[in-house]
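Asker: Here the protein sequences line up with chains B and D, keeping their order. Numbering of the first sequence is given in numbering that gives the first Met the number 0, commencing with residue 0 and proceeding in unit increments. Numbering of the second sequence is given in numbering that gives the first Met the number 0, commencing with residue 0 and proceeding in unit increments.
Misleading hints may appear alongside valid ones.
[Claimed, not checked] Under the rule of at most 27 Å between Cα atoms (straight-line distance), these lysine-lysine pairs were calculated in the BS3-like manner: (1) B/70 to B/131; (2) D/83 to B/108; (3) B/182 to B/155; (4) B/55 to D/229; (5) D/254 to D/134; (6) D/254 to B/115.
Think of the hints as simulated: they come from the structure by calculation, not from any bench. Please read all numbers here as calculations on a predicted model, not as lab measurements.
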Amino acid sequence: MENKSIDVHNITVSYSGAPVLWDVDFELPTGVLAGIIGPNGSGKTTLLKTIMNIVKPVSGNVKVFDSNIDKVRNRIAYVPQRESVDWQFPISVMEVVLMGRYSGKNLFKRTTKADKEIAREALESVRMLEFKDRQISELSGGQQQRVFIARALAQKADLYFMDEPFAGVDMATEKTILEILLKLKDEGKTVLLVHHDLRTVREFFDYTILLNTRLVAAGKTAEVLTEENLNSAYGARLTLLEEVGKEIKKKDFPLREKDFDDK
Amino acid sequence: MNEWIFDIWTIITASTVACTSAILGSFLVLRKKAMVGDAISHSVLPGIVLAYIVSESRASWVMLIGAAVFGVLTNIIIEFLNKKAKMNADASIGITFTWLFAIGVILLAYFTEGGIDLDQECVLFGEISMINLDKVLVDGNLYLGPYAFWFIFPVFIIVLAFVVFGFKGLKITSFNEDYAASLGIRNGFWNYALMSLVSLSTVMSFESVGAILVVGFLVIPPASAYLLTKRLIPMIVLGCVFGILSSIIGFYFAKSFNLSISGCIVCATGIIFLVNLIYSIIRDRSRKNISIAQ
Ligand SMILES: Nc1ncnc2c1ncn2[C@@H]1O[C@H](COP(=O)(O)OP(=O)(O)O)[C@@H](O)[C@H]1O
Ligand SMILES: [Mg+2]
Numbered sequence: 000m001e002n003k004s005i006d007v008h009n010i011t012v013s014y015s016g017a018p019v020l021w022d023v024d025f026e027l028p029t030g031v032l033a034g035i036i037g038p039n040g041s042g043k044t045t046l047l048k049t050i051m052n053i054v055k056p057v058s059g060n061v062k063v064f065d066s067n068i069d070k071v072r073n074r075i076a077y078v079p080q081r082e083s084v085d086w087q088f089p090i091s092v093m094e095v096v097l098m099g100r101y102s103g104k105n106l107f108k109r110t111t112k113a114d115k116e117i118a119r120e121a122l123e124s125v126r127m128l129e130f131k132d133r134q135i136s137e138l139s140g141g142q143q144q145r146v147f148i149a150r151a152l153a154q155k156a157d158l159y160f161m162d163e164p165f166a167g168v169d170m171a172t173e174k175t176i177l178e179i180l181l182k183l184k185d186e187g188k189t190v191l192l193v194h195h196d197l198r199t200v201r202e203f204f205d206y207t208i209l210l211n212t213r214l215v216a217a218g219k220t221a222e223v224l225t226e227e228n229l230n231s232a233y234g235a236r237l238t239l240l241e242e243v244g245k246e247i248k249k250k251d252f253p254l255r256e257k258d259f260d261d262k
Numbered sequence: 000m001n002e003w004i005f006d007i008w009t010i011i012t013a014s015t016v017a018c019t020s021a022i023l024g025s026f027l028v029l030r031k032k033a034m035v036g037d038a039i040s041h042s043v044l045p046g047i048v049l050a051y052i053v054s055e056s057r058a059s060w061v062m063l064i065g066a067a068v069f070g071v072l073t074n075i076i077i078e079f080l081n082k083k084a085k086m087n088a089d090a091s092i093g094i095t096f097t098w099l100f101a102i103g104v105i106l107l108a109y110f111t112e113g114g115i116d117l118d119q120e121c122v123l124f125g126e127i128s129m130i131n132l133d134k135v136l137v138d139g140n141l142y143l144g145p146y147a148f149w150f151i152f153p154v155f156i157i158v159l160a161f162v163v164f165g166f167k168g169l170k171i172t173s174f175n176e177d178y179a180a181s182l183g184i185r186n187g188f189w190n191y192a193l194m195s196l197v198s199l200s201t202v203m204s205f206e207s208v209g210a211i212l213v214v215g216f217l218v219i220p221p222a223s224a225y226l227l228t229k230r231l232i233p234m235i236v237l238g239c240v241f242g243i244l245s246s247i248i249g250f251y252f253a254k255s256f257n258l259s260i261s262g263c264i265v266c267a268t269g270i271i272f273l274v275n276l277i278y279s280i281i282r283d284r285s286r287k288n289i290s291i292a293q
């Protein structure tokens, strides 16, 4: 593969007991939208964290842009899973987005005007600028997710890791996020995101990584999302889930959270 | 010398401890490690006893070194249990300090039996009402406050400088560890730096103002401030204000009724917390009503 963005080589990860990832091995080219899918607890979050070396693998290694991750940290951006965020923390939207401009090197320096301008632009692009002085608990789920995406955008990276950016968001936010993903791809950036909705995966994602502790399949979406692969990742439950999903879609069931501040 | 000067110095000393503790305590509360101060107040006991055994000296600075070493050791064990052995933060803290305290009790019992007179209270349970017995006098008559104040003041300056210069690092590692790690920021460094300063400041304050007061200052005023504000800097400043207010109220209350000053100051922090809690409950309820009415 030419122009590899990520090269995951035989990684095995365990927290304390049984392995959470077992001998996972795949490559990803640059300039693609790629999805990690798999059931709950299948190690999707752990995979992202291992690629970024936040979690250390028991064995195996990872290369990002053909080098050690520590050499290319200024080229990656991260949107953590929303469950991992302390939403009651006394911090404003703007302060969160400005963190996108922090790095191991500039921590003792003042935030510059240019950084503030970049943060404003990032907020603008997710249509959250008017909320910049709110505390993060005073936002709806969709707005919170948009703020964290703005923080990643403010990093001006080449490779974006997003952990379930569509979880708990309203329709408008879903649309905004999809637009942003496609725009990033247009600019030649690479996005790797954990995702649940197979419909959008089929429609928008070039690459798919199907995970259930072991790697079930990785490659072009159409080749990966076969009945057989899905069954081996999810068991028979999935087909049922997909049916339910279709039904809900048909009836346009109001399952989504109302975006109370957007009215 | 006028008695009110002593009173003022007692309040200034308590307030200095209050501010040092509120600044550090704000981060402890946000990192859900508020009990670390309490843990340290117990787990330094073996350090004090060992320092005495080794040096055979009852000089307080020797014991302070012993205490400081064990304060840092406490953090290392807590971190190890938490990060490497995957225990919850509260279990890690609970295991560490009860265990170290027990060792301290055994050591103390063993060596006091041998006829050595070591009073743990001389280090752990100082009482702020006594600080004016140790005065700093220049030329025999210019009074520059109690010795305890000049002991604690440099710690306050160090803590203040650390938080001012390290503010971004402390903020991001308290808020979002994984994200900080993805940026190449070293969470371990910030955690140890913060915890070492907590150890240093608690241990340095024990002797002069008493463990209860330090541990109380570390948690209660920042927790009160947390209820009132939605920003980090106002939270820290308000924590300091509540600590100073408690020192003044507690001091005069204790003086009027001839009670323990440290005890009354801690009670005052508790009462301020209660007032804030009631206020925040009423505020949240009325907010909810407004949003329902809309
Ligand atoms: N910090 C942790 N310590 C111990 N176990 C963990 C930790 N994080 C995740 N796990 C476990 O690892 C497994 C995979 O978790 P995760 O990577 O979060 O899965 P997913 O994101 O696919 O839901 C789960 O069984 C989870 O309970
Ligand atoms: Mg996950």
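Asker: Now, for every hint given, state plainly whether the structure supports it.
Answerer: Here is what the structure says about each hint:
1. Distance hint between residue 70 of chain B and residue 131 of chain B is unfulfilled; the C-alpha atoms sit about 32 Å from each other, more than 27 Å.
2. With a C-alpha separation of about 32 Å, the suggested pair residue 83 of chain D and residue 108 of chain B falls outside the 27 Å cut-off, and the hint is violated.
3. With a CA separation close to 13 Å, the supplied pair residue 182 of chain B and residue 155 of chain B stays within the 27 Å bound.
4. Restraint check for residue 55 of chain B and residue 229 of chain D: not satisfied, since their Cα atoms lie roughly 35 Å apart, outside the 27 Å limit.
5. The suggested pairing of residue 254 of chain D with residue 134 of chain D holds, with an alpha-carbon distance near 20 Å, which does not exceed 27 Å.
6. With a C-alpha separation of about 52 Å, the suggested pairing of residue 254 of chain D with residue 115 of chain B is violated against the 27 Å cut-off.
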